[in-house]
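A.B. asks: As given, the protein sequences belong to chains A and B, one line each in that order. Just so you know, we're using the numbering used here here: the first sequence kicks off at 40 and counts up by one. Just so you know, we're using the numbering used here here: the second sequence kicks off at 40 and counts up by one.
Careful: at least some of the hints might be erroneous.
Same chains, same names: a pair is fine if it fits in one copy or spans any two.
Simulated pairs of lysine-lysine, BS3-like, Cα-Cα distance not exceeding 27 angstroms [stated by the list, open to error]: (1) K382 <-> K56; (2) K405 <-> K56; (3) K405 <-> K281; (4) K56 <-> K196; (5) K382 <-> K52; (6) K437 <-> K405; (7) K193 <-> K437; (8) K196 <-> K243; (9) K363 <-> K196; (10) K437 <-> K382; (11) K193 <-> K363; (12) K56 <-> K243; (13) K196 <-> K333; (14) K186 <-> K333; (15) K363 <-> K186.
Bear in mind the hints are in silico, worked out from the structure with no lab data behind them. Given the structure is predicted, the values throughout are model-derived calculations rather than measurements.
Residues per chain are reported as follows:
2 protein chains.
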Amino acid sequence: MTEHELVRELAEKASTKIVMLVADGIGGLPLEPSGRTELETASTPHLDALVRRGTSGSSIPVLPGVTPGSGPGHLALFGYDPLEFRIGRGALEATGIGFELGPNDVAARGNFCTLDSAGLITDRRAGRIASEESFRIVERLQQVQIKGIETFVKPVKEHRFVVVFRGPGLAGDVADTDPQATGVAALDPLPLSPAAARTAEVAKEFVRQARGILAGETHANGLVLRGFATKPQLPSYLDLYKLRAAAIAVYPMYKGLARLVGMTLVGQAHTLDEQIDAMAACWNDYDFFFLHFKYTDSTGEDGQFAEKVKRIEELDRAIPRIEKLAPDVLIVTGDHSTPSLLKTHSWHPVPTLLVAPTCRPDGLEKFSERECLRGGLGMFQAKHLMLMALAHGLRCAKYGA
Amino acid sequence: MTEHELVRELAEKASTKIVMLVADGIGGLPLEPSGRTELETASTPHLDALVRRGTSGSSIPVLPGVTPGSGPGHLALFGYDPLEFRIGRGALEATGIGFELGPNDVAARGNFCTLDSAGLITDRRAGRIASEESFRIVERLQQVQIKGIETFVKPVKEHRFVVVFRGPGLAGDVADTDPQATGVAALDPLPLSPAAARTAEVAKEFVRQARGILAGETHANGLVLRGFATKPQLPSYLDLYKLRAAAIAVYPMYKGLARLVGMTLVGQAHTLDEQIDAMAACWNDYDFFFLHFKYTDSTGEDGQFAEKVKRIEELDRAIPRIEKLAPDVLIVTGDHSTPSLLKTHSWHPVPTLLVAPTCRPDGLEKFSERECLRGGLGMFQAKHLMLMALAHGLRCAKYGA
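Construct the complete structure from the given sequences, taking the supplied hints into account.
C.D. replies: Rendered as structure tokens:
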């Protein structure tokens with residue numbers, strides 16, 4: 040029996056409310072050995088009070104030592120084994136810019152590049168052209184017309200864009216056209232299975248027309264495509280957990296990830312306060328609330344230790360407003376660590392707390408990486424957090440008699 | 040996606056150096072209840088200093104409660120699931136005496152036994168004849184000639200030996216001839232699959248000729264064979280991890296295990312000091328160094344608590360010389376515990392420390408079984424240690440975007 044079969048069998052309806060507050064990249068490292076992490080430096084009286092009432096632990100997003108991107112990091116928190124469920128690069132990029140993929144769509148990530156007169160790549164990123172410039176060029180690509188196919192080209196940032204082909208009989212297993220080198224021509228989009236033959240033809244025709252349209256451009260006179268992917272098939276929160284789930288996020292990527300598992304996007308919030316307003320406004324309509332806080336990650340990625348500390352303190356100040364809604368289960372965690380020291384996502388376990396009347400206290404005093412090592416949730420795989428959420432919300436039947 | 044597929048996808052080249060110092064059987068038990076283990080008794084100022092700078096934890100070699108042999112214990116440390124990758128008994132014995140198995144080889148473990156005039160086994164270990172006596176008899180078996188097959192017979196210890204058949208079309212799935220009882224005849228080596236028919240014939244012919252040669256021996260006038268096995272197919276360190284790996288071990292078994300995963304044997308060391316000399320001499324040629332220290336295990340197996348303490352202190356004194364090489368990641372662990380109290384390998388978790396500039400400190404003060412329980416690596420499966428080594432050496436790409 041797979042874990043998903045188990046949870047589908049055991050999950051049951053109840054009137055309890057579960058809030059999962061994801062502080063993106065919250066885990067950190069000390070700037071000096073044996074010093075304090077960002078979380079240990081921050082003043083977090085409200086999170087500390089939750090820790091004293093709750094059960095805490097350290098979450099391993101994928102496997103020990105494996106650094107996750109946002110996709111696998113969130114899938115795991117949502118209870119989907121990130122090694123079993125993968126979101127193809129193209130689908131993740133589309134998701135990240137808020138493009139809702141349909142069942143007949145294949146998405147690919149595109150890069151503009153510079154070609155010489157012989158058609159060989161001289162710059163794989165087209166001189167990292169400015170986003171505004173890229174937006175203009177993407178606009179020109181809307182002229183592409185492929186019979187029987189609806190084509191969407193959307194800008195991402197700088198030289199990056201997303202292309203989505205919509206039509207019957209498309210498949211994701213098409214080879215990248217990016218040769219990952221300069222001095223050579225872009226590759227043909229070859230089908231990796233018979234089912235992808237039509238998609239490969241469509242991609243080839245897209246490239247042919249695009250090359251014509253871009254011919255006069257100085258930097259972005261070529262393009263490469265990679266990560267062809269269809270929308271991943273993920274069982275929904277309602278199906279798996281019998282939870283009506285709402286997502287309150289600011290950034291498109293996290294909205295997209297939530298939508299992939301069947302959450303409803305709620306509100307148009309730009310600040311944490313507005314996110315809590317949005318949650319309060321729909322409190323009676325949902326059982327589960329995914330609240331995403333981005334800035335603990337972005338400050339970490341920028342290497343701004345002091346800024347990350349401030350963002351953690353901002354998060355802490357929001358806790359009383361969340362508590363006022365009286366969720367039955369309140370979880371505070373992250374999808375991965377983002378130490379300011381490393382300026383990137385990392386593999387280090389993520390401090391996690393869970394508060395519910397059904398918690399077993401573990402005697403911890405403070406919400407920190409070090410304290411959480413001694414917590415009652417132990418060192419656990421992130422994909423099991425939803426099981427613990429359901430259990431503490433009394434939403435999980437006994438397994439076996 | 041399997042864990043090996045994942046690591047193969049994520050591992051990337053870097054200039055960092057990783058040292059894995061395996062203190063065989065280092066974990067122990069107190070001789071008296073509530074007393075101290077060997078490691079807790081030893082004075083280990085250098086290991087303790089590493090613990091204060093690093094992240095520590097408890098390694099579970101196979102599964103909780105499962106006591107590993109040296110084969111599974113090391114495979115796990117090397118990152119190979121010891122339940123998925125098995126080294127057949129014959130192949131492990133051959134490896135243990137330093138016999139390098141080739142792709143056309145089948146190895147079996149042999150025991151000399153005593154037969155009565157009716158050919159029934161009266162002593163399954165031939166009176167545990169002395170090794171010298173056994174060596175003489177093994178020498179006589181070199182006369183065996185089998186058409187199209189090269190036969191190697193090598194002594195192990197006392198009544199034990201290894202036989203290797205080399206030739207095309209051989210397979211490992213041949214039944215043991217040891218009836219595991221006295222008063223009965225040795226069994227025929229039966230093929231367990233059609234592919235093993237030829238191997239079974241070869242083994243039968245070997246036994247027939249050997250019986251003739253041994254007929255005049257007093258004790259060792261018969262033999263039984265078991266654990267027929269080919270060389271296990273293990274992906275190499277270079278393939279899996281993109282690591283050029285060197286092994287610096289004294290005993291043939293550990294050299295053999297390292298060779299099975301594609302490590303290069305370095306040096307002709309007999310002492311830990313000589314091992315470190317050998318490592319230093321090839322420091323620029325490799326990325327990963329497996330250093331094996333045997334005596335924490337052998338003293339444990341002999342039940343010599345005080346001797347094991349001394350060996351741990353010897354290990355501790357070697358740490359500064361290793362640190363002088365400035366490895367980016369230094370791991371000290373064991374393949375299993377060998378408590379002097381039990382005089383054998385045991386299932387108890389193995390104290391493990393990892394030091395790197397990318398470590399998250401966990402506030403531990405001493406390298407001991409008790410302290411490691413509260414460490415930042417938690418209670419982890421040994422097979423994940425290599426992932427953590429790669430991560431801390433910044434040799435592992437992000438998983439997913």
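A.B. asks: Regarding K363 and K186, is the shortest C-alpha distance of 27 angstroms or less found within a copy, between copies, in both, or in neither?
C.D. replies: So K363 and K186 fail the 27 angstroms test inside a copy (56 angstroms) and across (67 angstroms) alike.
A.B. asks: Checking an output row: K193 and K437, CA cutoff 27 angstroms. Within, between, both or neither?
C.D. replies: between (48 angstroms within a copy, 25 angstroms between copies)
A.B. asks: Taking 27 angstroms as the upper bound on the Cα-Cα distance, should K382 and K56 be classified as within, between, both, or neither?
C.D. replies: between (35 angstroms within a copy, 22 angstroms between copies)
A.B. asks: Between the shortest in-copy and the shortest cross-copy C-alpha distance, which are at most 27 angstroms for K405 and K56: within, between, both, or neither?
C.D. replies: within (25 angstroms within a copy, 36 angstroms between copies)
A.B. asks: Using 27 angstroms as the alpha-carbon threshold, which applies to K382 and K52: within, between, both, or neither?
C.D. replies: between (42 angstroms within a copy, 20 angstroms between copies)
A.B. asks: Can you tell me if K363 and K196 fall within 27 angstroms by alpha carbon in one copy, between copies, both or neither?
C.D. replies: neither (39 angstroms within a copy, 46 angstroms between copies)
A.B. asks: Given a CA cutoff of 27 angstroms, do K437 and K405 count as a within-copy pair, a between-copy pair, both, or neither?
C.D. replies: Neither. Shortest intra-copy (32 angstroms) and inter-copy (30 angstroms) distances fail the 27 angstroms Cα cut-off.
A.B. asks: As a check of your reading, is K56 near K196 (CA-CA no more than 27 angstroms) within one copy, between copies, both or neither?
C.D. replies: Neither, since 38 angstroms and 36 angstroms both go past 27 angstroms.
A.B. asks: Can you give me the call for K186 and K333, within, between, both or neither, at a CA distance of at most 27 angstroms?
C.D. replies: neither (41 angstroms within a copy, 71 angstroms between copies)
A.B. asks: Can you give me the call for K193 and K363, within, between, both or neither, at a CA distance of at most 27 angstroms?
C.D. replies: For K193 and K363, neither the intra-copy (41 angstroms) nor the inter-copy (54 angstroms) Cα distance is at most 27 angstroms.
A.B. asks: Between copies, within a copy, both or neither: which fits K405 and K281 at Cα up to 27 angstroms?
C.D. replies: neither (33 angstroms within a copy, 40 angstroms between copies)
A.B. asks: Please work out whether the CA atoms of K196 and K333 approach to 27 angstroms or closer within one copy, between two copies, in both situations, or in neither?
C.D. replies: within (18 angstroms within a copy, 56 angstroms between copies)
When the structure is compared with the earlier hints, violations turn up for hints 3, 4, 6, 9, 11, 12, 14 and 15 and for no others.
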